[in-house]
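Chemist: Sequence:
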Amino acid sequence: MDEPLISIIMPCYNAQAYLEKAIESVFEQSYPNVELIVVDDGSNDQSFHILTSCQEKYPKLVVFKQENLGPFPARNLGLANSKGEFIAFLDADDYWVPEFLEKLLKNLLEKNADLTYCGWQNIVEGGENGPAYVPPAYEKGDIFQSFLSSCPWPIHAALVRRSIIDKAEGFSLRCFSAMDYDFWIRISAITQNIAIVPEVLAFYRWHNHGQISSIKWRQVLDAWQVRKDFVLQNPKLISHLSKEKITELVDGYVFTQAYSAFWKRDLVSAQHLFRKIFQSGIWRFKDLKYIALSFLPYFILSRLV
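With our numbering applied, the sequence shown covers 284 to 588.
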């Protein structure tokens, strides 16, 4: 039986320190029939030079270059030029174990699933690595409640049938710092036929070199909007949840993050979040003290706290 082609989509922006490791991670996979499509997103370091050099070594590496538009337009460009029956995503600073694709594809085909996912570990630059994490088997529970609670997995911890991504029309560009979450939760509305590989096979680097997840308050507000949009657009899928439960899942998230930011002394994020809570009209009387503090100038707030 012919082995189906897997397309790996990789956006790249100023990733010279990690890029070769990420590319090696793809071409050292035990599953051989792959193409890697890298979209250089207007890098101003040596990334593009590294990419063109790597093409000599890896004939299945395809490189595109665009002006700096962000990782999600880059992923959409990669998707538009990919040929695989199955799609995986890997950022230019992350990596997989060599059996990642083989194990996920085997699991997907054996269970006739549309998507399969695995565990991962955060690799912290200059600090202590996070614990290895294997997510729950979402397919055995309430997928929609779980996905409204949090993003189920990072962008590089899943393998998806191309037909499903085509139905989702790729990545939406409306919530910049939560586009991966938006992507997965929209896919959950298309198919619930998913299956877990309960192993840690993917590694995510944590560093401060332009990661979109580094601006906490923006990420929280974008993820909040993703939740609200999903609820509005898919009333039948969540009709089994009570109105109170939906409110807890959607609005409770932003309250939790606002208080967490305040007590962790991320006062910039706390200011943005409590102000948005007030403006949205979902505040409660017990929140008023923190809301009032959030409207103080930052230098005054920081001294008071």
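Since the hints were derived computationally from the structure, they do not count as laboratory data.
Hints may be right or wrong, so weigh each one.
[Stated by the list, open to error] In the DMTMM-like style, the derived pairs of lysine to aspartate or glutamate whose C-alpha atoms are separated by at most 25 Å in a straight line are:
hint, residue 1, residue 2
1, K394, E368
2, K389, E368
3, K389, D449
4, K340, D328
5, K526, D570
6, K528, D425
7, K366, D425
8, K559, E531
9, K366, D328
10, K559, D534
[Unchecked claim] Ranges between beta-carbon positions, derived for each pair:
hint, residue 1, residue 2, range
11, N316, F459, 16 to 26 Å
12, K389, V551, 38 to 48 Å
13, S585, F459, 22 to 32 Å
14, Q404, A300, 30 to 40 Å
15, S455, D549, 40 to 50 Å
16, K343, L587, 54 to 64 Å
Beta carbons: idealized from backbone N, C-alpha and C, even for Gly.
Chemist: Hint by hint, say whether it matches the structure.
Modeler: Consistency of the hints with the structure:
no.: 1; hint: K394 <-> E368; result: holds (17 Å)
no.: 2; hint: K389 <-> E368; result: holds (14 Å)
no.: 3; hint: K389 <-> D449; result: holds (22 Å)
no.: 4; hint: K340 <-> D328; result: holds (21 Å)
no.: 5; hint: K526 <-> D570; result: holds (21 Å)
no.: 6; hint: K528 <-> D425; result: holds (13 Å)
no.: 7; hint: K366 <-> D425; result: violated (33 Å)
no.: 8; hint: K559 <-> E531; result: holds (17 Å)
no.: 9; hint: K366 <-> D328; result: violated (29 Å)
no.: 10; hint: K559 <-> D534; result: holds (11 Å)
no.: 11; hint: N316 <-> F459: 16 to 26 Å; result: violated (34 Å)
no.: 12; hint: K389 <-> V551: 38 to 48 Å; result: holds (46 Å)
no.: 13; hint: S585 <-> F459: 22 to 32 Å; result: holds (27 Å)
no.: 14; hint: Q404 <-> A300: 30 to 40 Å; result: violated (19 Å)
no.: 15; hint: S455 <-> D549: 40 to 50 Å; result: violated (27 Å)
no.: 16; hint: K343 <-> L587: 54 to 64 Å; result: holds (58 Å)
Hint compliance for this structure: hints 7, 9, 11, 14 and 15 are broken, all remaining hints hold.
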